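A.B. asks: Please arrange chain B on chain A, whose structure you already have, making use of the hints.
Number of protein chains: 2
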Amino acid sequence: MEQRVSLITLGVRDVARARRFYEQLGWQGQEVDETVFFQANGQAIVLWDRQRLAEDAGIDGDTGASFSGVALAHNVRSAEEVDDVVTSAASAGATVTRAPRTTFYGGYAGCFRDLDGHVWEIAHNPGFPLDGDGNLTVPDLTGPPSDA
Amino acid sequence: MEQRVSLITLGVRDVARARRFYEQLGWQGQEVDETVFFQANGQAIVLWDRQRLAEDAGIDGDTGASFSGVALAHNVRSAEEVDDVVTSAASAGATVTRAPRTTFYGGYAGCFRDLDGHVWEIAHNPGFPLDGDGNLTVPDLTGPPSDA
Numbered sequence: 005m006e007q008r009v010s011l012i013t014l015g016v017r018d019v020a021r022a023r024r025f026y027e028q029l030g031w032q033g034q035e036v037d038e039t040v041f042f043q044a045n046g047q048a049i050v051l052w053d054r055q056r057l058a059e060d061a062g063i064d065g066d067t068g069a070s071f072s073g074v075a076l077a078h079n080v081r082s083a084e085e086v087d088d089v090v091t092s093a094a095s096a097g098a099t100v101t102r103a104p105r106t107t108f109y110g111g112y113a114g115c116f117r118d119l120d121g122h123v124w125e126i127a128h129n130p131g132f133p134l135d136g137d138g139n140l141t142v143p144d145l146t147g148p149p150s151d152a
Numbered sequence: 005m006e007q008r009v010s011l012i013t014l015g016v017r018d019v020a021r022a023r024r025f026y027e028q029l030g031w032q033g034q035e036v037d038e039t040v041f042f043q044a045n046g047q048a049i050v051l052w053d054r055q056r057l058a059e060d061a062g063i064d065g066d067t068g069a070s071f072s073g074v075a076l077a078h079n080v081r082s083a084e085e086v087d088d089v090v091t092s093a094a095s096a097g098a099t100v101t102r103a104p105r106t107t108f109y110g111g112y113a114g115c116f117r118d119l120d121g122h123v124w125e126i127a128h129n130p131g132f133p134l135d136g137d138g139n140l141t142v143p144d145l146t147g148p149p150s151d152a
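Top line first, the protein sequences correspond to chains A and B. If you're matching positions, the first sequence starts at 5 in my numbering and goes up one per residue. If you're matching positions, the second sequence starts at 5 in my numbering and goes up one per residue.
For reference, chain A alone in the conformation it holds in the complex (with noise of 0.2 Å):
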């Protein structure tokens, strides 16, 4: 199993309001069969009814969920941009569990939800380089420590 991630689908109740929500924060996507795909790095992240996704994935007993257990990371170029995304989704009706501050790693970052419970941290991380394309790459991690 190669190390990548083809989609990330998320599980939504209503997809049409899911899908206004991802579109105020500038995202454009394509839907067919009730399901909205967008175009990310390499990937794509989709929008999904929840009970179907559950089905489809042979998964029964779903309680829903006060945590999904996962979140995703989107990293930006500075500060400010940060602060930018997260009044963008607060906009567009997220809950900011996280007001952007600085990070035990050094970094600024914030946290929300979005309309069904979806975790996405927003943040700067100067230690995480991102490519012109927006791509991460890990750095060496398991290096000499510094004596900091």
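Honestly, I wouldn't trust all of these hints.
What the hints assert, rightly or not - To give an idea of the chain B side of the interface with chain A (calculated C-beta under 8 Å), a few residues:
#1 5
#2 15
#3 140
#4 141
Don't read these hints as lab results, they were simulated from the structure. All of these numbers come straight from a predicted model, not from anything done at the bench. Using N, Cα and C, we set each Cβ at its ideal position, and we do this for glycine too.
C.D. replies: Okay, now just chain B, sitting in the frame of chain A:
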């Protein structure tokens, strides 16, 4: 907000156990501060203690979940590869929730849950091309429907 994901963090109960699971599937990661980073396509997949993840995201009252409402798809280049990955995952302790079979979209796919219940679909979908690096491109889905 650009259309991309920088990190996918999976909340897990036992980081070491979760790391071993993904390593059994052939992945290689780096661990720092009880957090495991796997370099994926333009992003990182991260394993982190579920409770710390919830707290970090400002989320109270995580009751656990029967289903996270999120599914990650890993697309491969043949039906045989689907069978191989699902078999490997089962050997590593995954629960196969949908044995590989042909799908409604004309592909072939199976689903499993990892040791913490995170859902993976392993899919061969001829309609969603993968490039040599394994990056997925969403095709034009809104063109004229076929007569089929």
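A.B. asks: Which of the listed hints are not met by the structure?
C.D. replies: No hint contradicted; all consistent.
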